[in-house]
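There are 4 protein chains.
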Amino acid sequence: MNFASDNWAGASDRVIAALAEAAEKGGPAYGADELTKAVERRFAELFEREVAVFLVGTGTAANALGLAAYGCPGGVVFCHAQAHILVDEAGAAEFNGGVRLVGLAGQRGKLTPQGLTDGLARFPEGVVRHGRPVAVSLSQLSELGAAYGPDEIAALAEVARTRGIALHIDGARFAVAVAALGAKPADLTWRAGVDVLSFGGTKNGCVAAEAVVFFDPSRARDFALTRQRAGHSFSKSWFIAAQFDAYLRDGHWLELARHANAKAARLAAAIEGSAAARLAWVAQGNEVFALIKRQADERLRAGGAIYYPWPTDGLPPEALAGAGEILVRLVTSFKTSDDEVDRFVDVLADAGIV
Amino acid sequence: MNFASDNWAGASDRVIAALAEAAEKGGPAYGADELTKAVERRFAELFEREVAVFLVGTGTAANALGLAAYGCPGGVVFCHAQAHILVDEAGAAEFNGGVRLVGLAGQRGKLTPQGLTDGLARFPEGVVRHGRPVAVSLSQLSELGAAYGPDEIAALAEVARTRGIALHIDGARFAVAVAALGAKPADLTWRAGVDVLSFGGTKNGCVAAEAVVFFDPSRARDFALTRQRAGHSFSKSWFIAAQFDAYLRDGHWLELARHANAKAARLAAAIEGSAAARLAWVAQGNEVFALIKRQADERLRAGGAIYYPWPTDGLPPEALAGAGEILVRLVTSFKTSDDEVDRFVDVLADAGIV
Amino acid sequence: MNFASDNWAGASDRVIAALAEAAEKGGPAYGADELTKAVERRFAELFEREVAVFLVGTGTAANALGLAAYGCPGGVVFCHAQAHILVDEAGAAEFNGGVRLVGLAGQRGKLTPQGLTDGLARFPEGVVRHGRPVAVSLSQLSELGAAYGPDEIAALAEVARTRGIALHIDGARFAVAVAALGAKPADLTWRAGVDVLSFGGTKNGCVAAEAVVFFDPSRARDFALTRQRAGHSFSKSWFIAAQFDAYLRDGHWLELARHANAKAARLAAAIEGSAAARLAWVAQGNEVFALIKRQADERLRAGGAIYYPWPTDGLPPEALAGAGEILVRLVTSFKTSDDEVDRFVDVLADAGIV
Amino acid sequence: MNFASDNWAGASDRVIAALAEAAEKGGPAYGADELTKAVERRFAELFEREVAVFLVGTGTAANALGLAAYGCPGGVVFCHAQAHILVDEAGAAEFNGGVRLVGLAGQRGKLTPQGLTDGLARFPEGVVRHGRPVAVSLSQLSELGAAYGPDEIAALAEVARTRGIALHIDGARFAVAVAALGAKPADLTWRAGVDVLSFGGTKNGCVAAEAVVFFDPSRARDFALTRQRAGHSFSKSWFIAAQFDAYLRDGHWLELARHANAKAARLAAAIEGSAAARLAWVAQGNEVFALIKRQADERLRAGGAIYYPWPTDGLPPEALAGAGEILVRLVTSFKTSDDEVDRFVDVLADAGIV
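Residue numbers (this note's numbering), protein chains in the order written: chain A, 1 to 354; chain B, 1001 to 1354; chain C, 2001 to 2354; chain D, 3001 to 3354.
Some hints here could point you the wrong way.
Below 30 Å or equal to it, Euclidean Cα-Cα: the simulated BS3-like pairs (lysine-lysine) are [as the list claims (entries may be wrong)]:
1) 2025(C) to 3335(D)
2) 1025(B) to 1037(B)
3) 1037(B) to 335(A)
4) 2335(C) to 3335(D)
Hints listed in this document are in silico derivations from the structure and should not be mistaken for laboratory results. Since the model is a prediction, treat every value here as computed from it, not as a measurement.
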């Protein structure tokens, strides 16, 4: 009953098999190998256009280095006030990207066109001392389990365009978002006006595989240098390429994501029917936010369930925990089993009876 | 006949098996897992003392972040003029470590106490505008295939101590150096006055596994933050831990290193006896520097041999290529076979007859 | 009728005379001169204790470099959401100080102990990925014209102490705050728990003179290097020292500040009695925040008055502009004359009659 | 008898008078004032073309921020091994400019086209891990008192152009070089292929006045932000503008420089005729490098003369000190008097007799 995070799961068998095969072969260092080239082609197919792709090992690196391509001295990047890049990456975007992050409010972790418009208004053109807006970054899924549809992304892109700033996606959970929305990757990115994407593999079955995808390859001119200087250029970079090769082949990545999403749906349905817990809101993808009665929480933990309580800053009234409740986040993964979900639900049912 | 670099080899079977096993299990994110703790204990045993160990994915990260622990504004780090950190890491130490690198001369890529003394003399105490020496970094093996013995390290440490600067080792090839010298890791590090070591696994059979080892754990206070901010904290960090667990178990790392060294010795012996090539100098470990006749070079490349020509800056006269010769570096690895060496030698023999 | 900002005023005659005298003499470069030493002594007297003092040319440099002394990778500095260091310095603290700024709410630009407590709670000890709190910075005067009394500072220091973080003051308007409060500099700083102060001279009659004052000189160990690396070490640094020497001599700085404050009080009193404007709140020091009727605003500007409209984010309801009003900031300086104030008041009176 | 450095001199009367006048007037903050605009026009006239000019307070800031406009991750800037930016600015170019400095050899502190060609060859195009050359910086005067003529600059620019890197001049002593060469500023800069110049005023009679002059204004797009983020944007920036206004008016800057040069020539001539000293080489501008007999050195210092011994690294044999000699640098300034020179010469003459 491990719902702590999708990065607690191990890795998909196919990913590991590909890694073992690549380890048998070896190859030229620093990305000059065939696997890396094959992966570049896979990304081009996936996104239905030419892209510049760079492989790195962590999502933090992908975000910080991708944003760095748009940075400038005094550069400002807007993101949600609870965005991973602002709250959970210890200043990586500021350090590697040379930018400052400005957090904006928004329901369920999502930015809104109006919020972005207001944020931009605080940085009038030509005023040097406030800094210069250079990008807006959204998380897909958001940090509160919400997915942005193509229209929502396009609406943000339209605001971004009024000031010529870039649109970046932290796609640590891009796969589950694509699976949840049933949308094409191209429609969720460049066709909606996205400039650069952190395409995450780690949380959805890879070991350590993230790709920075530039939809305008001309902006990637310095990226290889940025990555090397940051120490994120792997000598045996085929180890990331091999993961992505297996991950993207035959839609494996979406299979994994659909699995995770199905388990989250099963969990959410059970919570909805439970007397011991209620959904805080209807999340998408592989995250479930629930308000659990304290007694049930104790029983679940005693029974071995693992999950995190979640901060309630900025939540709407209906999502706030009442007396005797706590807000928790439950994350499923490509590896979550029906059995794990059902055991969780059983404890909950028992707790509800009392 | 691939002697390009030891980072072209794949990975050891045991390392891959451990990785597959860990991927099956998964575990808590960001280093809170059991494997990470086990690896920390292995390092303590290996070095016969308490150490603070941090796992990262690249040697560049290990070097830059390790040096950062000793950096200060205007901080200066001495290293050999051909050191990897100066020549091949695109400014990573400067960027991540906030230090400047000052290259010193020295035979076979090795620093000397006198060279370091002279280097320090250019930074008189109390003169702010030159910057402040904070560390000296040596490469073990050196970039020209030489190993530093315990006494040589101790002599450098003695000079470092006169100014209170740290002694850092870039140990990308620490394993082959230990194997070549037959010395204890402790004698090559803290007992000789070393403060921090980049302990490399990648070049000697791992996929991507490097450890920053602090012999004075108190200096590691900020390292977790430094690593996170740099994007080098892996969520599934057990993937590095699993590699090291297998690598260090039962002396596997030294077996791999001895294999590589034995192949280099076989290669060197053959070159010594060849009319088509001669050793530039007697290298240690898994690197051979040879002067090859141009005709032989052409035949070797036509026959499929892969290796790099090497720059001749700062070499002593006897190592300089004569007319019709080129200086090349040949690197063996844990995976190099006798057959590969022998085929190389055969081509060389043929070329020599002509 | 120039109430735009106190940095639009020129410089005090005594300051200029001292500069001219120093220019006649010259002296050793980079702070080894007698004037610099004299100024260091003046600061020690002023603060009734040993201090480490460093002269720089801008307030932004003073703030960013002073905070740098307490920075660490992933370091977090709390400040008011409208703080100059967050809003008006284009990322200087992040860049030079290697820290991230987290804005907190608070009435009239002032931090509160509870606000700081809540801010710290978002960074639980031992959680690496959020970053590590290292300092809290308050502005004296606040950005909305409020002064912190000794007790208020001590209360913030007490919260800071619970987590071992430093207390920094951006004292761009420290002089007018001291004059307004009638407090001793020591009581407003180290006796109340302040660690480091940006002591501003520029806004109160100097040309370009700011001092970073460390109350714990041991924390200033790297400051000379930090300043040099940032390009803020002046070769003819006596040019700053001469300004401070005149500024601090015989209480000249407080005379200048009292003058500015008196003019602000005269202005505030007139506004209080006006039908065309009202005070937004009772400011201290040399700033007046007023809600002016639009018609009066037009007449004032037509008559040559210069001042800035002010953003209304986060203001309490009573300070919000009604229909037909705008919020403006009026700043007086050491050079503001009664005549300037009276002309402003006259236009206002005329506008009010209509 | 102060020949320590030209930054020990005070400031020119005209410069101080202009500063006093500006201090009387005051004006809009952050460079929106009339004086700043006037100075921009003066620079355009001086260089006979449109330029983008930015005022800062120190030469280190001018160099570091000017180079930052050409920086990129892993960016490499070539300069002389004894260049001020490499040796005397505590890493400012690395920190603010995000570049690494690579020192090249060359007689009398001057770069040569061949040296630059060789330096560039160490960074083959497309090799990421070495970093990317972005600029070459020369010092005018060089650190060893030599001036680059227009042809020499053009020859370096030609090499720079082969790789598309920028040509930067550290013109801390640009005035004395212009005066010594009798060349037009345009011929020594953009007409010879220079991209950006640190135009120094401080060493030649200003208090603190340096200008970054971009000959391609499009490269200055981010400079205002770069300067603000670095804390080098002065609120009362008319204080620098006023200095330059007086400095550039009616050729005052060249008068000051010619004075300094004439005193250096007088000093050099006396040394040439002395038995107690000899010229190390024929320097240009306001610097004299001499080999002084130790006995004479003692007498001079006893008599109150102030000057620095100079390092002898990389000097040609004829400039090396013999037994009983030391190499010293003697710098004259706009303020050096005939009397100071003559007293120095008298002591030398006395010492020579013995």
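Task: Non-conforming hints, listed in increasing numerical order - done: 4
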